Amino acid sequence: MATHTAEPAAGGEAAVEHLTLEDRVWLLRAMLMMRGLEERAMTLYRQGKVPGSFYDGYGQEAVSAGAAFAMGPQDRLCILHRDLAAHLIRGVSPARILAQYMGRAAGITRGRDGNVHFGDRHLGCVGMVSMLPDMMLVATGMAMAFKLRGEARCAMTWFGDGSTSRGDFHEAMNWAGVQKLPVIFVLENNQYAYSTPVDKQYAVDPVERAAAYGFVGVTVDGNDAEAMFEAVHAARERALNGDGPTLIEAVTMRMHGHAAHDDMKYVPKEQVEEWRKRDPIERQENRLRVLGVDIDSLRASIKAEIDAAAEEALAGPMPDPSSAVEGVFCEGEAEPLGDGQAPWSGFGAA
Amino acid sequence: MPTLTYLQAISSALRDELRADPRVLLMGEDIGVFGGAFKVTDGFVDEFGTDRVMDTPLAESGIIGTAIGAAVVGMRPVCEMQFSDFISCGFDQLVNVAGKMHYRQGLAVPITVRLPSGGGFSGGPFHSQNPEAWFMHSPGIKVVAPSTASDAKGLLHAAIHDPNPVCYMEHKHLYRRVKGEVPSGVFETPFTARVAQPGSDLVVIAYGAMVSVAMEAVSDGLDGASVEVLDLRSLVPLDEEAILDSVERCSKVVIIDEANSTCAAGAQVAALIAEKGFESLDGPVVRVATPDVPIPFSPPLEAAVLPGVERVREACRELLAY
Numbered sequence: 012m013a014t015h016t017a018e019p020a021a022g023g024e025a026a027v028e029h030l031t032l033e034d035r036v037w038l039l040r041a042m043l044m045m046r047g048l049e050e051r052a053m054t055l056y057r058q059g060k061v062p063g064s065f066y067d068g069y070g071q072e073a074v075s076a077g078a079a080f081a082m083g084p085q086d087r088l089c090i091l092h093r094d095l096a097a098h099l100i101r102g103v104s105p106a107r108i109l110a111q112y113m114g115r116a117a118g119i120t121r122g123r124d125g126n127v128h129f130g131d132r133h134l135g136c137v138g139m140v141s142m143l144p145d146m147m148l149v150a151t152g153m154a155m156a157f158k159l160r161g162e163a164r165c166a167m168t169w170f171g172d173g174s175t176s177r178g179d180f181h182e183a184m185n186w187a188g189v190q191k192l193p194v195i196f197v198l199e200n201n202q203y204a205y206s207t208p209v210d211k212q213y214a215v216d217p218v219e220r221a222a223a224y225g226f227v228g229v230t231v232d233g234n235d236a237e238a239m240f241e242a243v244h245a246a247r248e249r250a251l252n253g254d255g256p257t258l259i260e261a262v263t264m265r266m267h268g269h270a271a272h273d274d275m276k277y278v279p280k281e282q283v284e285e286w287r288k289r290d291p292i293e294r295q296e297n298r299l300r301v302l303g304v305d306i307d308s309l310r311a312s313i314k315a316e317i318d319a320a321a322e323e324a325l326a327g328p329m330p331d332p333s334s335a336v337e338g339v340f341c342e343g344e345a346e347p348l349g350d351g352q353a354p355w356s357g358f359g360a361a
Numbered sequence: 005m006p007t008l009t010y011l012q013a014i015s016s017a018l019r020d021e022l023r024a025d026p027r028v029l030l031m032g033e034d035i036g037v038f039g040g041a042f043k044v045t046d047g048f049v050d051e052f053g054t055d056r057v058m059d060t061p062l063a064e065s066g067i068i069g070t071a072i073g074a075a076v077v078g079m080r081p082v083c084e085m086q087f088s089d090f091i092s093c094g095f096d097q098l099v100n101v102a103g104k105m106h107y108r109q110g111l112a113v114p115i116t117v118r119l120p121s122g123g124g125f126s127g128g129p130f131h132s133q134n135p136e137a138w139f140m141h142s143p144g145i146k147v148v149a150p151s152t153a154s155d156a157k158g159l160l161h162a163a164i165h166d167p168n169p170v171c172y173m174e175h176k177h178l179y180r181r182v183k184g185e186v187p188s189g190v191f192e193t194p195f196t197a198r199v200a201q202p203g204s205d206l207v208v209i210a211y212g213a214m215v216s217v218a219m220e221a222v223s224d225g226l227d228g229a230s231v232e233v234l235d236l237r238s239l240v241p242l243d244e245e246a247i248l249d250s251v252e253r254c255s256k257v258v259i260i261d262e263a264n265s266t267c268a269a270g271a272q273v274a275a276l277i278a279e280k281g282f283e284s285l286d287g288p289v290v291r292v293a294t295p296d297v298p299i300p301f302s303p304p305l306e307a308a309v310l311p312g313v314e315r316v317r318e319a320c321r322e323l324l325a326y
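Heads up: the protein sequence lines correspond to chains G and Z, in order. 361 is the number that my numbering gives the last residue of the first sequence; the numbers go up by one with no jumps. 326 is the number that my numbering gives the last residue of the second sequence; the numbers go up by one with no jumps.
The shape of chain Z in the complex, shown without the other chains (with noise of 0.2 Å):
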């Protein structure tokens, strides 16, 4: 099994698919030629053309419009945001004509929409949101976020081959630090969640570039306890079933969001125990978030609000004490 950068994984799905399927295309602004603001289609034209991989017009709400159009009549777009922050452009044809054609009309709408997200990189309040919290208030869009290079390109040839628009969160500062094994070929990986690292005493949920820190956060065992890492994967369909098992096991729960905290994915967690998990909890459900400010740009402004390492142990140290 090769290893790839979780970059390289979502290379390798989009590769994989542009040869298995005519009616896969791939569209974006500075993807073709230039190869993407990150490098995800480098080369791509090379293989594919200019036609499936195609350089776009710089207009986001263009982007999903004509892609919703391309899918209602047989193609398979995969849509890049170049920032994920820039769907908010797109907001409208993603949410209003994508998101409510099936059950309006019973028309199918299968596009991707890569959402490159996530801080860490002094981007500023414009290139480093995550956005995925609109798209799970919005009915008829799913919602994914890959944390291991395996599960970027498996989750990334399900979104694809799923009959639904799919929000695909990859995050940037995972690209080139995340490196793992990956299957070679065309293999799905199912929208649910993934126990990344099994325990006892308290379970942390996290999603995307949060579980790297969660897992970092929990390696020095913390004073012995024994520590879940549960990896959500998928936000819609979020994975009520192996949410609640955990918390019945672990009886304590820290959420942790790198997306600003009022009704961020975590919320809608804390939410689904308090209603399901009440009689399994043996403290407070605890949350650990980006507070509801914009990202800042310097370097310590901007550690100051995204969750670290740091504030995760303190957080699970004072439940565990509780």
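This is chain G alone, in the form it adopts within the complex (with noise of 0.2 Å):
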């Protein structure tokens, strides 16, 4: 089992296999719509509309965005804290992603649950829990269903570097390996968990043990949305082809706090410098500016976007405390996961 290092894009190309022009600027949109979501909210936090801490991807939307790109409709896909874009890709709306923030009711948890932890059934997706690596395993169980279905689809899910510690890692590496399964791991090595650098998290970079546990380990730059789509892409094609699951270690930078509470003092700051360098949005702009895309007036209509959306969500109303212990139980059938907008090219959408 071969570790491999993707080939890294250069700054202004990239070797693009799969995506057209209007893929790579989805891309960038979403990237982008993240970013501004997550701006916004800081300033809906930082304001006392946000309870709670906020948590954001600064930096990160490459992973997010390039690996969520590459997923079908029926795929389905558990997703981390700092993965807003792949929210976006599925298909859920700004405002919603606002009001959940804000705990309202019209947030896709109705205010049950806070931040990034959530999911929409109905497009395919599992919210998160606080014990990150916990959605490894229900990943690899959605996959071992998808195998003895003998359906053609995969699930994925994002974790980071602090989780490669824990035993879920572990145990789910192993299972999806044992069990040769359609799934894929997205490492997203952002060097801090919390504070804790990765030197003291691990001995040996975690995708060395992609080997061990029978399965191909890849190392992306994270923070090339394409070249994210790529790896993914690659890892799908195992997967429906019965090669079994791919751990993606996607390498970049927490660029802020653990969360608006945290300043982050712990790092350096010629760190954090030198991955400014490396912003993913800015390395996108790059590539389709010099292809004429007009990028001024894609942050306009982002920047519009996001103006209804919060003002849509700030209208709508708190949840009604008597709901509160409501909805504990599944009363009715259970209903299982939907699906969800998956708009590359390659799928035929759009």
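These aren't lab readings, by the way, just hints derived from the structure by calculation. A portion of the hints provided could be inaccurate.
Dumping the calculated DSBU-like pairs for lysine-lysine here, alpha-carbon to alpha-carbon at most 30 Å [as the list claims (entries may be wrong)]:
| no. | chain 1 | residue 1 | chain 2 | residue 2 |
| --- | --- | --- | --- | --- |
| 1 | G | Lys158 | G | Lys191 |
| 2 | Z | Lys43 | G | Lys191 |
| 3 | Z | Lys183 | Z | Lys43 |
| 4 | G | Lys314 | G | Lys288 |
| 5 | G | Lys158 | Z | Lys183 |
| 6 | G | Lys288 | G | Lys276 |
Reference excerpt, derived from the structure (chain G facing chain Z, CB under 8 Å, subset only) [what the hints assert, rightly or not]:
| no. | residue |
| --- | --- |
| 7 | Thr120 |
| 8 | Gly138 |
| 9 | Val140 |
| 10 | Asp145 |
| 11 | Gly178 |
| 12 | Asp179 |
| 13 | Tyr205 |
| 14 | Leu325 |
| 15 | Val339 |
Just so it is clear, the structure is predicted and the values come from calculations on it, not from any experiment. The beta-carbon is built from N, C-alpha and C at its ideal position, and this holds for glycine as well.
Two chains, two frames, some hints: make the complex.
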């Protein structure tokens, strides 16, 4: 089992194999929307409108945008808290996301859970829990069902460098390897688990462990949405061909604190500055600008969309306190996850 | 109606479900080719194959976590913990992922977790526990505990049909000791209590293996008293109406738990009676439970802590005399 590093894409141009210009704009759009929404949410947080703390994925937008873009409508996703672009690609509206952050009734969890702890079940997504690698097993179980039923589908989940230290990482990787399941594990290595740097987390780069579980491990530039897409696209092909799981290590950097309250004094300034030069959005914009894409008007349209979404979310009510004890149990039929949006041109959509 | 042991009734429910519903999938350690540590799934692979009677890696978190994943994409997994004690390794997945899923996201998690529980056979501290209260305290998980062969089958069918995570506490001590007439085919036993024996002077409230202990304890008539035995069958939901009804009729209550005493199911029943049945009482609510110690290995030590017939009888006599 080979562990290899995917070809790093150069600044201005990328080895685009499967993406049309429209797809590449879609990736940029998803990343811009993610950053814009999170910036707006941070403002709302500072205004006291977002309860609790606030968590974002600034600088990591390419990981979720590129990966989710490679997934088909019938694939299933367990999405982590710095992966907002995946929700956008699956079709969650910006207004519902802002309502979610503010604990409003129109949020995806109707105020029952906060920030990015959500998944729209109608769009094939399961929301994360705070015990981060837990969802690796859930995704593995989805893939197990797909394989048992002979369906050409796969499951994908994200988790961080800190997650690689926990038992569920091992249980999921081992299970998926033993049963050769169509599951994609995206290790979002953003260098820090809260304040703990990776050299206190593991002795060996965790991508190397894939070989020990009997499947392929790939390291990708996590700040390149197109490289992420290609890596996940290839992993999905392997999964659908019956060749089992893939571990993709997306190397990136957490540019903000763990959450809004964290000033991340523990991160050397030079490290942040170094990574700032590799901003995933700037990179995608540079690629597309030379191809004649009007970046300014794209940014303007996204800003207008976010303004409208914020207005809608702020106008929506808080949940009714009397509903707090409702919905612990399912009283009707168990309804499985529905299909999500899958905008990649390769799926024949849009 | 065939006569089955408690264990055969569990097997029968699983077999009928596998035959009736292609979504049903059994997962566990050594349940396939070997047929399970207690032989509940003996011979199943011959009829259903190794995909549907799956020998999993030795990974309890893995079993619960993957079952959750399979459930949300349309399967009906039935997980076997080889011993209920081992659910501690799958606790996080069950409590945090499965139990909270519907409340948070409106997503149902129809999984059944079979938990072979209880002591009485020198299993020691890691093969004898009764962990049901852990899950009663965790929102979003149902907990049932059959005491008869017929309920063992009916409750298991109902658990598998239920759209929520259900902990099915099957008592190892009852596997081959309890026998009874069991209807054939698929039927559901409701998650409600059952009057195992009607009475009017005192009610003994129990579930699982403690129902047999209660029945035996009151079998000598307790000096002519009319003693009721209420079998809870379901701990979540707890049949408050049936409990309060028995208390109202009998006025004196003994509650038995094989589990450790503090915060056990019986403690919840006692709290319920204190809150809502106080006016009906003619004496203190009496509890008989395992003291708060790990279950010891050596027979005289184990017998000293588990509630037995004599302790229950004595508790009833004292309360009747109150």
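A quick look at each hint next to the structure:
Simply put, Lys158/G and Lys191/G have alpha-carbon atoms about 9 Å apart, close enough for the 30 Å limit, and the pair holds. At roughly 28 Å between alpha-carbon atoms, Lys43/Z and Lys191/G fall within 30 Å of each other, so this suggested pair holds. Of the supplied pair hints, the one linking Lys183/Z and Lys43/Z holds, its CA atoms being roughly 17 Å apart against a limit of 30 Å. Of the supplied pair hints, the one linking Lys314/G and Lys288/G holds, its CA atoms being roughly 24 Å apart against a limit of 30 Å.
For the suggested pair Lys158/G and Lys183/Z, the alpha carbons sit about 39 Å apart, so the restraint of at most 30 Å is broken. Restraint check for Lys288/G and Lys276/G: satisfied, since their Cα atoms lie roughly 20 Å apart, inside the 30 Å limit. At a threshold of 8 Å, the smallest CB-CB gap from Thr120/G to chain Z is about 5 Å, leaving the interface hint in force. With 8 Å as the threshold, the beta carbon of Gly138/G comes within range of chain Z, its nearest partner Cβ sitting at about 5 Å, so the hint holds.
Using the Cβ-Cβ criterion of 8 Å, the hint placing Val140/G at the interface with chain Z is satisfied: the shortest such distance is roughly 5 Å. Interface hint status for Asp145/G: upheld, as the beta-carbon distance to the closest one in chain Z is roughly 5 Å, under 8 Å. Interface restraint check: Gly178/G against chain Z, minimum CB-CB distance 6 Å, threshold 8 Å, status holds. A distance limit of 8 Å between C-beta atoms decides the matter here; for Asp179/G the minimum to chain Z is near 6 Å, and the interface restraint holds.
Checking Tyr205/G against chain Z: minimum C-beta separation of about 19 Å lies over 8 Å; hint violated. For Leu325/G, the suggested interface contact is broken, since its CB lies about 23 Å from the closest CB of chain Z, more than 8 Å. Using the Cβ-Cβ criterion of 8 Å, the hint placing Val339/G at the interface with chain Z is satisfied: the shortest such distance is roughly 5 Å.
Going down the numbered hints, you'll see the structure goes against 5, 13, 14, while the others check out.
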